[in-house]
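Sequences listed follow chains V and U, in order. According to the working numbering, the first sequence is numbered sequentially starting from 1. According to the working numbering, the second sequence is numbered sequentially starting from 1.
No lab work stands behind these hints: they were computed from the structure. Quick reminder that beta carbons are idealized off the backbone N, C-alpha and C, glycines included. A couple of the hints might just be wrong.
Claimed, not checked - Result set (DSS-like, lysine-lysine): computed pairs, CA atoms no more than 30 Å apart in a straight line: (1) U:K125 to V:K89; (2) U:K7 to U:K125; (3) U:K12 to V:K89; (4) U:K235 to V:K89; (5) U:K235 to U:K125; (6) U:K12 to U:K125.
To be verified - Facing chain V, from chain U, some residues (calculated, C-beta under 8 Å): (7) P19; (8) F22; (9) A57; (10) I74; (11) A86; (12) F177; (13) M180; (14) A216; (15) M221.
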Amino acid sequence: MTQVNPVTIWTIVIGLAIGSFALRFVFIGFVGDRPMPPWLLRHLRYTAVAILPALITPLVVWPTATGGQLDMPRMAAAAVALAVGVITKNVLAAIFTGAATLYGLLYLLG
Amino acid sequence: MAFTTSKSYFWKGFRDGSPFIFVAIPFGTLFGVFATEAGLSIIQTMAFTATVFAGAAQFAALQLLQEGAPTAIILISALAVNLRMAMYSASLTPYLGAAPMWQRAIAAYLTVDQSYACSIVRFEKEPDLSIPQRMAYFFGSVTPITPLWIFSTYLGAVLGTQIPESWALDFALPITFLAMIGPMMRTPAHVVAALVAIVVSLLMVAIPFNLGLLIAGCAGMMAGAQAEAMLERRKVRT
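Using the sequences plus the hints, can you model the full thing?
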């Protein structure tokens with residue numbers, strides 16, 4: 001377990017708490033029932049689906065645990081989790097098959 | 001009279017939101033475990049989960065914290081993950097915008113994927129609902145998951161300290177995220193957004209302070225919006 005500076009953690013927690021509330025409140029609280037520009041809604045729709053893959057891809061290709069070396073079990077687990085998620089639309093099924101692939105291959109190859 | 005009908009809509013929401021406890025419990029537990037692994041105390045973990053109340057953003061912040069990213073980048077990235085909450089808020093506004101301010105403030109705090117998904121379907125299906133009925137339904141839909149989310153985080157945080165290193169938990173987080181991405185691929189535009197974000201994130205990996213993440217996220221977002229506009233134009237033409 002790593003030691004993290006408590007000031008950093010509290011800054012993140014409080015910043016995210018305020019920021020997340022602001023994001024949720026901005027329209028329902030301030031805009032009320034005025035209409036919003038379609039281009040803005042169109043961009044907001046794709047934020048999660050863009051930022052999450054951007055966060056994960058480098059971790060899959062250069063995993064921290066192997067010091068950035070390409071790793072077969074991790075690549076395979078990532079592929080399985082993504083594929084099962086796309087096909088079944090079931091997040092938990094995707095997590096379990098992905099984890100099973102990771103542990104299965106780590107056991108077989110290690 | 002109005003009170004009793006609002007009450008029945010609360011329970012309708014409650015029923016529709018109940019299946020999500022099977023998501024909230026494992027995710028909450030995972031978050032507790034990861035937060036402990038990342039070095040957060042139980043109090044920090046609980047403050048995090050209760051105030052931020054958004055699984056994906058919380059996971060993203062933890063991942064970046066472990067990578068040693070600067071605090072500003074962690075905040076911006078996690079909030080970017082939560083930008084979709086602004087979209088939910090925007091989309092619920094025509095239905096709930098006329099409710100009293102204190103109700104709207106509580107509704108804002110409780111705006112999550114599950115309450116939004118349930119409510120927007122119900123509001124579109126039954127356009128004649130009164131504002132109190134809509135609010136009752138909205139609060140009903142988050143009531144089953146909120147206490148369980150917080151309690152299971154606590155459970156995970158307590159358990160987390162007892163998990164050995166050999167469990168390769170470093171990769172549990174990427175797997176969790178990848179699993180969340182799959183069901184988001186609802187339209188070709190979503191796929192375009194994700195693919196562009198992936199390619200750009202790999203190209204930008206050498207950029208310091210994890211700024212590549214933000215560049216890739218923006219690129220994916222714009223690509224998705226563009227793709228949607230193009231697909232709509234094509235549909236109009238044919």
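How the hints compare with the structure:
About 23 Å separates the Cα atoms of U:K125 and V:K89, which keeps this hinted pair within 30 Å; it holds. The suggested pairing of U:K7 with U:K125 holds, with an alpha-carbon distance near 19 Å, which does not exceed 30 Å. Taking the CA atoms of U:K12 and V:K89, the gap is near 24 Å; set against the 30 Å cutoff, the hint holds. Taken as a hint, the U:K235 and V:K89 pair is honoured in the structure, with Cα atoms around 26 Å apart against an allowance of 30 Å.
With a CA separation close to 25 Å, the supplied pair U:K235 and U:K125 stays within the 30 Å bound. With a C-alpha separation of about 14 Å, the suggested pair U:K12 and U:K125 falls inside the 30 Å cut-off, and the hint holds. Interface restraint check for U:P19: the shortest CB-CB distance to chain V comes to about 11 Å, outside 8 Å, so the restraint is violated. Taken as an interface hint, U:F22 checks out: its beta carbon lies about 7 Å from the nearest beta carbon of chain V, inside 8 Å.
Hint status for U:A57 relative to chain V: holds, with the closest Cβ pair at about 7 Å, below 8 Å. At about 6 Å, the closest approach between the beta carbon of U:I74 and any beta carbon in chain V falls short of 8 Å, and the interface hint on this residue holds. Look at U:A86: its Cβ gets to within about 4 Å of chain V, closer than 8 Å, so that hint holds up. Given hint, U:F177 at the interface with chain V, holds; its Cβ is 5 Å from that chain's nearest Cβ, closer than 8 Å.
With a cut of 8 Å, the hint placing U:M180 at the interface with chain V holds, because the nearest CB-to-CB distance is about 6 Å. The beta carbon of U:A216 comes within 4 Å of a beta carbon in chain V, closer than 8 Å, and the hint placing it at the interface holds. The interface hint given for U:M221 holds, since its Cβ lies 5 Å from the closest Cβ of chain V, which is under the 8 Å cut-off.
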